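So the protein sequences, as listed, match chains A and B. The working numbering puts the first residue of the first sequence at 1, with every later residue one more than the last. The working numbering puts the first residue of the second sequence at 1001, with every later residue one more than the last.
Each hint can be trusted.
Here are the in silico distance ranges between beta carbons for each label pair:
1. A:Ser132 to B:Asp1526: 27 to 35 Å
2. B:Asp1526 to A:Ser273: 45 to 53 Å
3. B:Lys1456 to A:Arg76: 49 to 57 Å
4. A:Arg58 to B:Lys1456: 50 to 58 Å
5. B:Phe1080 to A:Glu528: 38 to 46 Å
6. A:Leu423 to B:Asp1526: 48 to 56 Å
If you're looking for bench data, these hints aren't it; they were derived computationally from the structure. As the structure is a prediction and not an experimental result, all values here were calculated from the model. For each residue, glycine too, the CB sits at the ideal point set by N, CA and C.
There are 2 protein chains.
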Amino acid sequence: MSFRHGLRLLYSQLSLFSRELNRPWCRCVSNSLALSSEKRASDFNSFVARTNTCGELRSAHVGQEVTLCGWIQYQRQGLFLVLRDFEGLTQIIIPQDERMPTGDIEVKVKTAEVLNSCKKLPFEIKDFIKKSEALRMQYRYLDLRSFQMQHNLRLRSQMVMKMREYLCNLHGFVDVETPTLFKRTPGGAKEFVVPSREPGRFYCLPQSPQQFKQLLMVGGLDRYFQVARCYRDEGSKPDRQPEFTQIDIEMSFVDQAGIQRLIEGLLQYSWPSERGPITTPFPSMSYAEALAEYGTDKPDTRFGMKIIDVSDVFRSVEIGFVQNAVNKPQGTVKAICIPQGVRHLQNKDFESLKESAKSQFNQEVLHLILKPYESLKSPLSKFLSVEQHSELIQALKVQADDVVLLAAGEHEKVCLVLGNMRLETANLLESRGLVLRDPTAFHFLWVVDFPLFLHKEENPAELESAHHPFTAPHPSDTSLLYSEPAKVRSQHYDLVLNGSEIGGGSIRIHNAEQQRFVLETVLKEDPELLSHLLEALKCGAPPHGGIALGLDRLICLVAGAPSIRDVIAFPKSFKGRDLMSNAPDYITPEELEPYHIQVAWPAAEAEANKN
Amino acid sequence: MSFRHGLRLLYSQLSLFSRELNRPWCRCVSNSLALSSEKRASDFNSFVARTNTCGELRSAHVGQEVTLCGWIQYQRQGLFLVLRDFEGLTQIIIPQDERMPTGDIEVKVKTAEVLNSCKKLPFEIKDFIKKSEALRMQYRYLDLRSFQMQHNLRLRSQMVMKMREYLCNLHGFVDVETPTLFKRTPGGAKEFVVPSREPGRFYCLPQSPQQFKQLLMVGGLDRYFQVARCYRDEGSKPDRQPEFTQIDIEMSFVDQAGIQRLIEGLLQYSWPSERGPITTPFPSMSYAEALAEYGTDKPDTRFGMKIIDVSDVFRSVEIGFVQNAVNKPQGTVKAICIPQGVRHLQNKDFESLKESAKSQFNQEVLHLILKPYESLKSPLSKFLSVEQHSELIQALKVQADDVVLLAAGEHEKVCLVLGNMRLETANLLESRGLVLRDPTAFHFLWVVDFPLFLHKEENPAELESAHHPFTAPHPSDTSLLYSEPAKVRSQHYDLVLNGSEIGGGSIRIHNAEQQRFVLETVLKEDPELLSHLLEALKCGAPPHGGIALGLDRLICLVAGAPSIRDVIAFPKSFKGRDLMSNAPDYITPEELEPYHIQVAWPAAEAEANKN
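Just chain A, same shape as in the assembly:
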């Protein structure tokens, strides 16, 4: 059910109902209502005095005596009011005489009780009223009454419940809770620390239950899942939360295809019916293909404009910078074709796109207006022969009024630049009213065969894990691990939805010697910090693998919400603050004493504190 549809439901419920209301309601002006019809299998009226919700009454109820509980949404001169709860609205008539109105449904009041009063609210809760993010966060308990938040939180609850049914009831997974007070992991720079009562010793809040879930497999749990709270301290980053939730899964004796089929089944089973069916298996693409065609490891496959390699066309063209690029190792010329670009984009748009490529990637991009059967309208026209012109048009499948963006240089860099241009152009075109990406479409994609290691940016001679050090090498590349580790592909897989990464996982290393080699020899890390894991792998660890889905992001995409903050009941601001309670807050030195820590005030602040 989309918001729009939900609102229509709401207004259609404003027709009159004929019933008797005989007990408590709660007075307050606001605007909360929900939910999908699927939920009607649940009894919302058990254990309380009400007999029906405000969204439930229909002609079939005529003649019954009902008890409703809710908030006064609207009232007029004590004659008439609209009562609201989480499920909808009901019109209430406070009878003035014995004459029955001629409308077909209404609730006639027998007794009514005001359960609480309500001050003037800081903002009116109407769906069409725009309020600032800061105000919404400060009065989150009022914002939660909005149709959107009610819908999003209930959708989240239902979807997670279906996932649990699938994992626990259908496939024998065990829901195991793992600790959040743990030890710092090697390189865990983004882990919050929690001082203990032992001087100098700290717990850390883990970024994921990775080590624990592997230890559970060593412990013979066979199939583990958890809706796990995870923590990551990234300072200020938009649309990131210091605490977030992942659907965390691990299985023994499984391979990559097994995990992929599991997740496809999981999403299919839990997918809300109002979002239409999803088809499985999901398409799959290697990391190399994703980079070459979409210039990213998370391709949005809802629209075309793929990157095309046109090096062959340009190999003999006498343009200095092109020749320069093509003759280097990994040198290429690539392009994307913007359909109908001439009609929707202006020169200043192209200038801005090219400026963005220059500032973000230090890369020149050319824009060409290629007209089939006509000559090029670009700085390149004089260098291309008629044949080359026609080859280019054919390679890029150029139609009339299309515009081509072209870049020359090292393969990976050119891909990244054009991948970026592709998304920027799509945003531009959509801002002009074109629809490139169907908002009701859900395009899932597996991205596989990632490199196991990457060259460190600050020191390319050293390697770091592309994902994490527990990822197993690709079976075809295992022997390379000991000779040319940089060339090894991994058994890591990412799940992408509409261009967002919503999950990632891998088959893990289950051999202690291989794990030690990766840590010590390839990554140059101290294996002592993971001695408990290495020890565990020696104790008959089964082959195992798993995945984690980012629940906040997934629900955000399913709900069509603008931000993950709209699918979290009490989110933090982008600075990591709770604007309602003002957390984090100052505490006294005495309160820190049991933890043997003191605040190291920055000099300026220490100065200010003296005064």
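Once you've looked at the hints, dock chain B against the given chain A.
Then chain B, alone, in the frame of chain A:
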């Protein structure tokens, strides 16, 4: 299924199976197996290469080709082995010639693959092998392979899943995740602190989602639940964990009876069938009755030995200390009767009981051997008339060979002492082989009508909340709140199982003025610290109430486990340490820098660190 029964299942599976095994297994000696037959609705073999679990094969499978994955439990000369997984054992024959054995079931190996090797384990994992708690914790991943841990964790997962079905699918509750990085609550001395990147500002890990769940009710969520991770820093306490889990519930428009019926239904629905049915509604008892009859707020009602008030018998008896006690305000004489005490307890037992009363409560206790139709055998005999003797026997329903423990003094203190004696005596009697408390019995009990406030121990003129400051006063006592708050009963309720508190909750204050009065006038707390909650109550808060069940304790009782550490996958030691990973651990000053804190070393340690 009890452990004992499970083990029988295990050994009965050692009979031979006749099948073909054609792929991976994993080599390792240990001993993990589970689980209840209920689970067979789940598919444990989806997404992996195996076709059956080791506990699954029966005569009906004869002739089929199967693939098993597991650990080698036992092997003999490469001819024969026992393969184990989480569900059971299967005997495997590695054929030496073509002759079929005459046994009725076995698996004949076609192909086999050793997936990992295994070093000599630090301890053999057999159920009858006692290993130290420290060793179990250090090698928790091996301990998890034990039948008990597999059973407990799977039972926990299943029971929680059923609770979710009941709440979410049957009764329309919404599963909402609330933050764990929050603000310090007033008086939250047991809250872990988490430094933020803003100098001097700290998050706290909350002891429960109390404030958030009330705010969700203000936000119109109507019915909330969460399997919530909670944190409490109590330093070293046996059988407490720094992080624990509660089934957290809140409802709008509900009263005490509504919550009680909800929880009874919840437990009945999720109760494991092998534990026998539980009957509802649960009996209920006021706090005053619980104190008077059992000397505790969590009575174990599986056995008698209730406290009897015998003040009337003693009112005219000329014994100095008795008269002293009876004539004071709240002065009483009370007793418990130990059935067959003469046969099972010796003089030194009584001396030890009386010593314990003296040292713990500074209270004298007398023991009397009352023989019906004979005279008292006690220091009191000379003071009691024949009538008084007979009255006492009648009041206490004394039978031959019973022993009476008697104490005189202030009502509450005498109750607490005798309540304590009652439990100590029961433990003593059971250590002598008597069964007072049926280990298969589950006695639930509601304890209600608690006082709303208690006099502070250190300053009895001041009041503190008996539970928490959001608890609503009992409807009959509301007017007393403003005149004699110490006399007000609350709408708090505790759920007790076999003498353990497994849950507690209350109807909350939903009126902002009343909440402010309680905080400011009664408790003398700064209401500013809870300004967001007070503000929220003004915005049309509905009447609401809820409860939290301690999941670890509940599962521990259901599983019959000796400690909550046996129902938690990775528990901390009683000093709050993870003995496997050695958390909490030292971290460098550089790692603390982003959080603007430094360690305040205690002097001695600082000295040691200098060297």
